[in-house]
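**Student:** Below are the chains, spelled out letter by letter.
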Amino acid sequence: MTGGRIWALHLAVLVALLAAGLLLPGYHSTNLARILVLATFALGYNLAFGYTGLLSLGHAMFFAAGMYGAGLPAWHWGWEAGPALLTGAAAGGLLALLAGSLALRTAGVSFMIVTLMFAQAFALSLLYFSDWTGGDDGFAVPTTARLVFGHALSADVPRFLAAWGVFALGLVIALALVCSRFGRVMVALRENEERARMLGINPYRAKLQVLVISGIYSGVAGAAYALLFGYVGSSFASIQYSILPMLYVLLGGAGTVLGGVIGAAGIFYLTEWATALTSAWLFLVGLALVVLVLFLPKGVLGWVRAKLWRNLP
Amino acid sequence: MSLLRARGLQRHFGGIAAVDGVDFDLEKGEIHGLIGPNGAGKTTFVSLLSGRIAPQEGRITLEGEDITALPAHARVRRGLGYTFQITAIFPGLSVFDNVALAVQGGRGRGDLKALVARALAQVGLEALRDEEAGTLSYGHLRLLELAMGLALQPKVLILDEPTQGLAAGEIAGFIQLVRGLTPEVSVLLIEHNMAVVMELAQRITVLNFGRVLAQGSPAEIRANKAVQEAYLGA
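These protein sequences, in sequence, are chains A and B.
Heads up, the first sequence is in the UniProt record's numbering, so the first residue is 1 and it goes up one at a time.
Heads up, the second sequence is in the UniProt record's numbering, so the first residue is 1 and it goes up one at a time.
Below, a sample of chain B positions facing chain A; criterion: calculated Cβ distance under 7 angstroms: (1) Ala72; (2) His73; (3) Val76; (4) Arg77; (5) Tyr82; (6) Ala88; (7) Phe90; (8) Gly92; (9) Asp97; (10) Leu101; (11) Ala102; (12) Gln104; (13) Gly105; (14) Gly106.
Far from chain B, by Cβ distances over 10 angstroms, these chain A residues were calculated: (15) Arg5; (16) Ala20; (17) Gly26; (18) Leu124; (19) Pro142; (20) Val157; (21) Leu177; (22) Phe229; (23) Gly230; (24) Trp273; (25) Val285; (26) Ala288.
Just so you know, the hints here were simulated from the structure itself, not pulled from any lab data.
Yeah, the Cβ is synthetic: ideal placement off N, Cα and C, and Gly gets one too.
Please build the complete structure, drawing on both the sequences and the hints.
**Tutor:** Here's what the structure looks like:
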């Protein structure tokens with residue numbers, strides 16, 4: 001019964017987001033599209049960090065891998081959005097497999113450092129191969145490539161629908177995953193890895209699986225970002241894009257399925273508000289985060305789960 | 001051939017020989033007690049058996065298969081179950097989820113809910129199924145730990161100090177429970193409580209300074225001069 005209520009809640013949120021995107025004026029609907037793509041990134045980060053306890057500082061690499069994995073074939077060979085999205089997803093997953101198979105030999109702080117190093121090396125490689133990647137300037141994804149079934153993704157409504165579709169699919173899969181047997185293993189690894197091992201669970205393999213799934217999510221998000229907003233740049237591979245999904249997840253609630261979208265929306269509008277107010281906007285964002293950690297350490301939905309709805313996944 | 005066999009197991013930490021050439025056999029269907037004074041090497045020895053620590057010398061076989069090089073989780077999947085001395089459950093998860101994890105990682109195949117229900121019924125925790133494990137009383141935690149061990153459906157169950165901190169009445173229930181596990185499950189019982197060991201074990205191995213000091217029936221061990229001296233420190 002609680003399973004039914006949980007699914008009803010998540011589907012209702014999806015319907016509400018769809019309605020909001022279609023009813024709001026263009027500017028807000030574009031913002032929402034951006035938020036949903038970033039929330040997809042947060043969904044993937046949350047599976048690794050929130051559910052499995054893998055504190056990665058390298059997710060910018062997976063996001064950028066998806067972005068370039070989709071953008072490069074579109075730019076160089078004129079691929080359309082559909083296949084480009086798939087190569088983006090594959091690029092994110094593949095890099096997660098490669099980096100994870102090495103980084104997961106470490107844990108805790110070492111894991112953070114190793115993932116960070118991989119991501120930095122990746123970001124520098126993008127600059128090094130600038131003939132191919134456009135280097136510092138990046139490149140615009142040609143409009144001819146930003147097509148899905150003949151609809152231009154540069155137009156407001158198709159763009160929003162595509163962003164919503166990607167997020168909705170990601171949300172449904174994430175919810176099914178965390179409610180599954182494997183989801184239970186993920187939480188067990190976060191809570192007490194040694195105990196999980198003595199229950200016959202192979203921690204290395206399970207964590208690598210989670211990281212690959214998380215990498216695919218990040219890759220899809222990066223690919224969608226490139227295709228929907230038309231720009232690919234190496235700044236998306238910088239550490240900032242490893243920190244952002246962490247902030248989304250911490251604000252929305254680590255280890256909650258809907259936390260990512262709440263956090264992405266929160267940080268997005270917080271940044272909007274702060275940049276309009278002052279050039280020292282990072283200061284305001286930082287201050288808000290300090291307040292968050294002090295008064296809402298489990299994030300919005302973490303608080304809801306602690307106080308109101310214990311079984312919220 | 002014995003079910004679980006160790007030959008020449010050795011593990012030194014720096015200059016300290018925690019386990020120093022131990023031979024050991026666990027026969028199918030028996031309850032085997034492992035005792036020894038503090039620092040005798042009991043915990044290191046079972047860590048070697050379960051794969052939490054790698055031995056420097058020696059071999060371990062389970063049903064004739066050499067498992068010396070296998071990691072701990074692979075040994076669990078082959079039927080070597082282990083319950084923790086200091087209760088190490090997942091406090092944030094429900095009782096059901098704790099046991100379900102053991103079912104998933106163990107040898108049990110079939111309906112998850114039914115297998116969890118069976119393990120909980122064996123220890124009498126059915127009513128607490130949906131409670132958060134961290135809120136249980138100490139006695140219930142020990143039972144949950146045992147239920148998780150049983151849910152693995154092991155061939156060999158290593159119980160590390162299972163009655164520590166239990167009240168007298170709870171210990172009586174525990175003795176009955178463990179006795180009921182055999183002969184399907186063979187039990188290696190590491191225990192400080194002599195009354196429990198003497199009552200449950202068919203055979204006892206005594207460790208001292210990392211070596212086997214004596215091995216035999218409870219009566220033989222009780223009468224053994226060397227064992228008495230080791231315990232009295234004479």
